[in-house]
Amino acid sequence: MSEFQPKIVAFVCNWCTYAGADLTGTSRMKYSPQVSIIRFPCTGRIDFMLLLKAFANGADGIIVSGCHPNDCHYTSGNFHARRRWILFRGLLDFMGIDTRRIEFSWISAAEGAKWAQLVNTTAENIRKLGPFANYEKLRHQGVS
Amino acid sequence: MEALKNKAREWLDSRMVQLVIGYSQGSGDSVRAVFVHDPGQVETLLFDSRCRQNLAVYLLKPEVKKMGKAALVANLTTLRAVLQLAAENQIGEHDVLTLTVNPAGELLVLSTLEAIETYVAISAPDLSVEEKAELEKYEKLGMEERWQFWQEQFSRCLKCYACRAACPLCYCSRCTVECNQPQWIPVPAHDLGNLEWNVMRAMHLAGRCVNCGDCSRACPVNIPLYLLNQKLISDVFRNFNARSGMAAKAENTLSTFKPNDKEDFIR
Amino acid sequence: MARIGVFICHCGENISATVDVQKVAAAAARIPGVAHSVDYKYMCSDPGQQMIKNAIKEKNLTGVVVAACSPRMHEPTFRRACAEAGLNPFLCEMANIREHCSWVHEKSDATTNKAIDLVRMMIEKVKKSKALLPIKVPVTKTALVLGGGIAGIQASLDIANTGHQVILVEKEPSIGGHMSQLSETFPTLDCSQCILTPRMVEVAQHPNITLYSYAELESLEGFIGNFKARIRKKARSLDEKLCTGCGLCIQKCPAKKIPSEFDANMGIRTAIYVPFPQAIPNKPVIDRGHCTYYLKGKCRLCEKICPTQAIRFDQEDEIIAVDVGAVVLATGFDIKHGDFFPEYGYGKYKDIIDGLQFERLASASGPTLGEIRRPSDGKIPETVVFVACAGSRDPAKGIEYCSKICCMYTAKHAMLYKHKVHEGKPYVFYMDIRAGGKMYEEFVRRAMEEDGVQYIRGRVSRIYERNGKLIVKGADTLLGARPMEIQADMVVLATAGVANAGAEELAQKVHISYDAYYFYSEAHPKLRPVETNTAGIFLAGACQAPKDIPESVAQASAAASKVAALFSQAELIREPLIAVVDRSAPPLYSTCVGCFLCQSSCPYQAIEKEEIRGRDGQLIKTVAKVNPGLCQGCGTCVALCRSKSIDIQGFSHEQVYSEVLALLNRRESDV
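Residue numbers (this note's numbering), protein chains in the order written: chain A, 1 to 144; chain B, 1001 to 1267; chain C, 2001 to 2671.
Bound conformation, chain A alone (with noise of 0.2 Å):
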């Protein structure tokens, strides 16, 4: 029986930290390969509904990220996604969907070391919470 390796997807933004994630790379810091990364312009980009298909698909954890307030390439992207996901995660919790399974940062271009500890942490957060049974249960319900 091999342990349970966690799938997670991370939705991040192109500017912050897409480009962290690129310095965590040159700088050859190790992280757990459990997580991927679909790139979008920015965290305003980011539907709800995009991290509930990902639940729906198989996704064990979610990684959310973008820029620090203020500093959003685009100005204020990620005010508007902050305050998506202040009310979504409110919901999602008040319907017993286990919000410890995803994760939102701020990570910036400089930031490589925070991206490789935020996925590490993750990964083995997410690794001891095992695989989301109640969801898992809903996808074989019916064809999503």
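Any given hint could be a false lead.
To be verified - Cross-link-like lysine-lysine pairs, in silico, DSBU-like; alpha carbons within 35 Å at most:
hint, chain 1, residue 1, chain 2, residue 2
1, B, Lys1137, A, Lys128
2, C, Lys2509, C, Lys2425
3, A, Lys30, B, Lys1262
What the hints assert, rightly or not - Cβ-Cβ distance ranges computed for the label pairs, FRET-style:
hint, chain 1, residue 1, chain 2, residue 2, range
4, C, Asp2515, B, Trp1147, 42 to 52 Å
5, C, Arg2667, B, Gly1068, 41 to 51 Å
6, B, Arg1267, C, Leu2588, 38 to 48 Å
7, C, Leu2588, B, Asp1048, 32 to 42 Å
Hint data in this document are derived by calculation from the structure and do not stem from the laboratory. Built from N, CA and C at the ideal position, the CB exists for glycine as well.
Dock chains B and C against chain A, hints included.
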């Protein structure tokens, strides 16, 4: 409700409006919406504590718009819906002609958005004490209990979209569920799609829902949809100090922000 | 039918050391829609790029995925290669299997599988990609410069010298700004007017510059390259074509005791006046608020005396409409007046003045002809106290920031005083000395060591009058916060530099953002200091933040270079990764229902209202429309739109949805 009937008759007679949207007796003890064109029909109009349906939902239906200028018999949440629709550019000053009855039983004619704002300002609390208590009851359940509760509720969902049809703020001509490229929400009524549909609708109403309760009343399988919307109403107010349906020119909660919006969960 | 070409790069050993690149290529080949899948040592090299071009032509590819380094590195390289081979560049995507995979994981199956996932994700994205064409926006090659201080003057000259037309609008009757009010400038002690006036004359004489003085911006509409501005030319009550600037009207005007704004209320002027002798244009203006004719209907002496009959009492404001392609805001700043520090007694005691007022005293053409004299009795003060940081760096009273120039001009003031009053005793109360510019530190040192200015590190707590002296109470913190009391004859407060009155209104007129202090916001605090978030509108000088003359001039030239770059091409070419609101056939026209959440969320004012009308002119619906000249492609509107009526090219709904699904749905045939 003589004053109401007289006013309606007067407006229809003078052709000030072509239509009065109001309430009348339905089957049994229920009331139903009624569309009065003929001054002779105003006798059917009534207004009492059973009149909870949010009639603003009809204002944007193309079939109703074709009937001409409408006067609306409105309760408090209907008036708030009117203001929210105005704030979202769906109705203008010239579309507004409402009749309401204040708690003292007096008939009020609110013919401008400003008049509606003034009336609504003095009377609308956020969530009532009872509503807050009920919400808290659910919030305090354990995570697994909450999950089981909502799974059970959604297992009954038929994807009939009655909630959407009843809601005055669901006026999109092409709802996201009708997109198939990509298919955001699966069509069949299984638990995953039901969950996604209800989460999406609740989020799309964040900062906009006026708490009229029509979605819950319309649901044929009695899913307590109002709980989801009230949870967001409470969160929107607590986090952003914003309330829907209070002003005709207001910012939308999700399309604006404050630099110091607070959260404690972002690393 | 999709025919995607997949190219897996080894990047030497950078990728192939930890990722089994052949396996990745083989897995990609098995994905439906992939027509070509190879691996190669260096995809970005010439032979590598040639491979891609050959495959495009030979296999009739409909899309290309290059799995290699970060797209932030080589996306332009591969997109260009595709374009050269006849494939639309936006049908090419990169999978980052180096920075995000081979460099950060150990060699293992998991690493190779992740690389396969990433490649699969981009293959599915490319299947939904659309061919896009760059956006072309026409450009009107005339610049509008608002503000005729040193920054506005410099910007105007620089743009005009590139051969383009400039319209310079200044709200005062003369250009010159605050620099024209200064006596001498740090760190050289150059006479301010002497270095400024030649520039002012150059502006007046430059064939490419049209100067509208005593004028303000009435409205600005449009977008980059295509602005329509309306300028309100206020009525001078004068026919400028006839006026020769002889000055007879000013000599004869009986209303002589009006406080002069140019002299910072330290001097007086007449109702018909020219602000200062070197004014450009050197034509007077009638101050209708103080002129006897406008107040009481009498006098008209200027009209009678004018040799060319240039006076026009019934002249009205004129609105001038102009088409411009770029706007430079150089509207400058002001210093804080008033009694925000009642402890300091400004306004209560006549001999407590601010920095600009001291400049006028020191100025050779000022109200005292350059002699430092007290406003109250005209005596020469023997002891002058200069209070630095009077209002700045003070979170308690509202101005948190440092006003940057006060340390320098306070040193300058103290030195000028000492130069003019040899036996005078200047004191400076300071918190820190900020003298970071070239020759600045040496300048301050000169004040302390050569001119004997007494610097006391400490704040002033109170100033009051006693027996005809101004008692300045402060502390000397370098001596253990020892209380100090100086009996001064005059006090000069270095008050905070603040945004000009009307800054907020102007910012709203041109749709740029501003901060809590009404200074205008730059697009990026470090890398884009002269651009704003509104394309085509640039900043120069102290309207962005308090700054000194060298910096204002530098920024003005920088802004001019941005304008020149904009004007250097016939059309503005922009990448098409922007938002688009859907349009379809009647009767729907668009799924947009016109709620305009998108409009309120856009930081670039890129979303407009479009009225869709039937053939009979009847309004059918009002929907959103994205201005392709303005949209920067953040996608916030796209995520907000409830009906998914707005989409963004390059990161469309279909594309990102496919990416999520592809990333997670690893197939058995993949591994």
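Find the hints from earlier in the document that the structure breaks and name them by number, from lowest to highest. 2, 5
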